[in-house]
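Undergrad: Add chain X to chain A, keeping to what the hints say.
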Amino acid sequence: MEIQRPLRLMHESLFRAARQHPQKTALVAEGEETTYEQLAENVNRLSAFLQQHGLERGERCVIFMDNTLACAISIYAVLAAGGVFVIVNPQTKQDKLAYILQDSEAKVLITDSHLHRVFLPAIEENPHLCSVIASGDLEKLAQERLTGFADALERGGGLTDSGVIQKDLAALIYTSGSTGDPKGVMHTHLSMTFVLGSLIEYLRLSREDRLLLMLPLAFDYGLYQLFMSIQLGATLIMERSFTYPAVIFDRIREYAVTVFPAVPTIYAMLISMHHREPLCFPSVTRVTNTAAALPAGQVPALKEIFPNALIYKMYGLTECKRVSYLEPELIDTKPGSVGKAIPGTQVCILDEDGNPVGPGETGILHMRGTHLMLGYWRSPELSDRVLIDASLPGEKLLRTGDWFSMDEDGDLYFKGRSDDIIKTRGEKVSPLEVENVVTMVVGVKEVAVIGVPDETLGQALKCFVVPEPDSALSMRDIRKVCVEKLENFMVPKYIEIVADLPRTSTGKISKKDLS
Amino acid sequence: MSSEEKIREFILENYLFTDDQSELNNDDSFLDQGILDSTGILEIIFFIEDEFGIKIKDDEMVPDNLDSVNRIVAFIKRKQQE
Chain A
1304 MEIQRPLRLM HESLFRAARQ HPQKTALVAE GEETTYEQLA ENVNRLSAFL QQHGLERGER
1364 CVIFMDNTLA CAISIYAVLA AGGVFVIVNP QTKQDKLAYI LQDSEAKVLI TDSHLHRVFL
1424 PAIEENPHLC SVIASGDLEK LAQERLTGFA DALERGGGLT DSGVIQKDLA ALIYTSGSTG
1484 DPKGVMHTHL SMTFVLGSLI EYLRLSREDR LLLMLPLAFD YGLYQLFMSI QLGATLIMER
1544 SFTYPAVIFD RIREYAVTVF PAVPTIYAML ISMHHREPLC FPSVTRVTNT AAALPAGQVP
1604 ALKEIFPNAL IYKMYGLTEC KRVSYLEPEL IDTKPGSVGK AIPGTQVCIL DEDGNPVGPG
1664 ETGILHMRGT HLMLGYWRSP ELSDRVLIDA SLPGEKLLRT GDWFSMDEDG DLYFKGRSDD
1724 IIKTRGEKVS PLEVENVVTM VVGVKEVAVI GVPDETLGQA LKCFVVPEPD SALSMRDIRK
1784 VCVEKLENFM VPKYIEIVAD LPRTSTGKIS KKDLS
Chain X
2 MSSEEKIREF ILENYLFTDD QSELNNDDSF LDQGILDSTG ILEIIFFIED EFGIKIKDDE
62 MVPDNLDSVN RIVAFIKRKQ QE
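These protein sequence lines map, in sequence, to chains A and X.
The C-terminal position of the first sequence is numbered 1818 in the working numbering, with every residue numbered one higher than the one before it.
The C-terminal position of the second sequence is numbered 83 in the working numbering, with every residue numbered one higher than the one before it.
Same shape as in the complex, but just chain A (with noise of 0.2 Å):
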């Protein structure tokens, strides 16, 4: 009898994809299709080139790409090899790249090369790095340091078993936290695989299915997106972004796309245009939404563009991926839910002395399971404030930022944070990375950065900014400043110059006086 070796380890499915199906179309990335077959030989010879090239088990390697074919052969080359993956925002400025190359020592950086004005400056002074692999057209950049991917695929020759278990580390994702320094989110192949079970159980997916990508694969929802399908041995249709919604349409009625995952905003905006031009996708059965609370007046609009789909509403964080989904069969009787945990994992909802509250009321969300992350990378105290003793030895529940009730049937409600991170776009937003970057503007004295109610974003970010004395400041120049430092979801939206800011009576900015 032979018996079934089970999937422990993030790439194995890839290659069980391959020899079971190796025809079948595992990616079209930006119309370009890609066999399992394919894939899988690319991963190969990338994996084994990371591995000449001194890519030990255990260590880093940064992507700082765009959603391509070459990002996602480099996710699963990194995880062959034995490696951590990485990933970048592509929008991502030179100083934060930098920082995220040494924080985590990364001794390989792949990336493209039509993003040279960010990573060249940022890899000059790196003492840790040995090898940067560039997708495209190297010849303009002249410069010897790099290795084009073609070029490394070429060279890669066998793979050798890097030893790697489950508990090892797959992935380090920066998010951004409140004290201001982005910080790595540590998961491992057994967080993830059981992450993407829970996944695949509840959106009830199959093989057969076409999931669409068209959110960043450096937010971690874009980046499930492709985990699921390849676990899957489904079909991934992959595009850079929603910038150009025509080209998003196209590809969802010829490739008859199933599963369409986006944010309030590109509803917001999906739900503008249908009403400029009506649209209709009969194809996609399954449409989800996270980062940010959907307006339940946009679910009615989303059920005309979407007619035969059932619409989740969920909640997650980075920390372990995701919380909680609602049943699509509850969206209209519980309207402000974001529903039960997910899968195989509990919650709870704990007051500020770690007492469970009782239906209705309000206290703190926390997590029990497999989906936890290990911790935030070289900062045990920052991850022993978010890990906290269960009540079995040696486990640990995720605490939250969050205020959370339950109702009577187990269904969770989102109250607000109880920090102070902004949620703008779907994206998490420290409002001290903005303010330390606002700072260092020649002629400003003192800023504050908050959040205000905005239709299409969720939040908008505002910035309060007292310039010094006969300063000759202006926004132009703020505004200027942040484009070059910051992502663009980090820019704020509104900059406002004003004589002096609000102080509590111990003399600290108080921002809930500003608006």
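Do not take every clue at face value.
With a Cα cut of at most 25 Å, we get these calculated PhoX-like pairs of lysine-lysine [what the hints assert, rightly or not]:
hint: 1; chain 1: A; residue 1: K1606; chain 2: X; residue 2: K7
hint: 2; chain 1: A; residue 1: K1815; chain 2: A; residue 2: K1726
hint: 3; chain 1: A; residue 1: K1396; chain 2: A; residue 2: K1443
hint: 4; chain 1: X; residue 1: K7; chain 2: A; residue 2: K1783
hint: 5; chain 1: A; residue 1: K1811; chain 2: A; residue 2: K1748
hint: 6; chain 1: A; residue 1: K1796; chain 2: X; residue 2: K7
If you're looking for bench data, these hints aren't it; they were derived computationally from the structure.
TA: Just chain X now, kept in the frame of chain A:
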């Protein structure tokens, strides 16, 4: 002002926050350079519609028409001849 100058000024002013002409080449892909993202494209579309008196259909919102200054200029020219 020519349509090229108008487009350049709009992009430089609203996305790059500068009047340094050297920061934008007419062939630069807005996507590659990270100049535009999904919320930016509608602003450009509204700008083109108002400024040049044309109507852009949903299926015309593609990179071939809109992903660089040169492409936008050519697209406007085609639309104005329709």
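Undergrad: So, for every hint listed, does it hold in this structure?
TA: Consistency of the hints with the structure:
1. Of the supplied pair hints, the one linking K1606(A) and K7(X) is violated, its CA atoms being roughly 40 Å apart against a limit of 25 Å.
2. For the given pair, K1815(A) sits about 16 Å from K1726(A) by alpha-carbon distance, which is consistent with the 25 Å threshold.
3. Proposed proximity of K1396(A) and K1443(A) is supported: the alpha carbons are some 21 Å apart, at most 25 Å.
4. Only pairs whose Cα atoms come within 25 Å are accepted, and K7(X) paired with K1783(A) is accepted, the gap being roughly 20 Å.
5. A hinted pair counts as satisfied when its Cα atoms are at most 25 Å apart, and K1811(A) with K1748(A) qualifies at roughly 15 Å.
6. As the CA atoms of K1796(A) and K7(X) are separated by approximately 23 Å, the hinted pair is consistent with the 25 Å bound.
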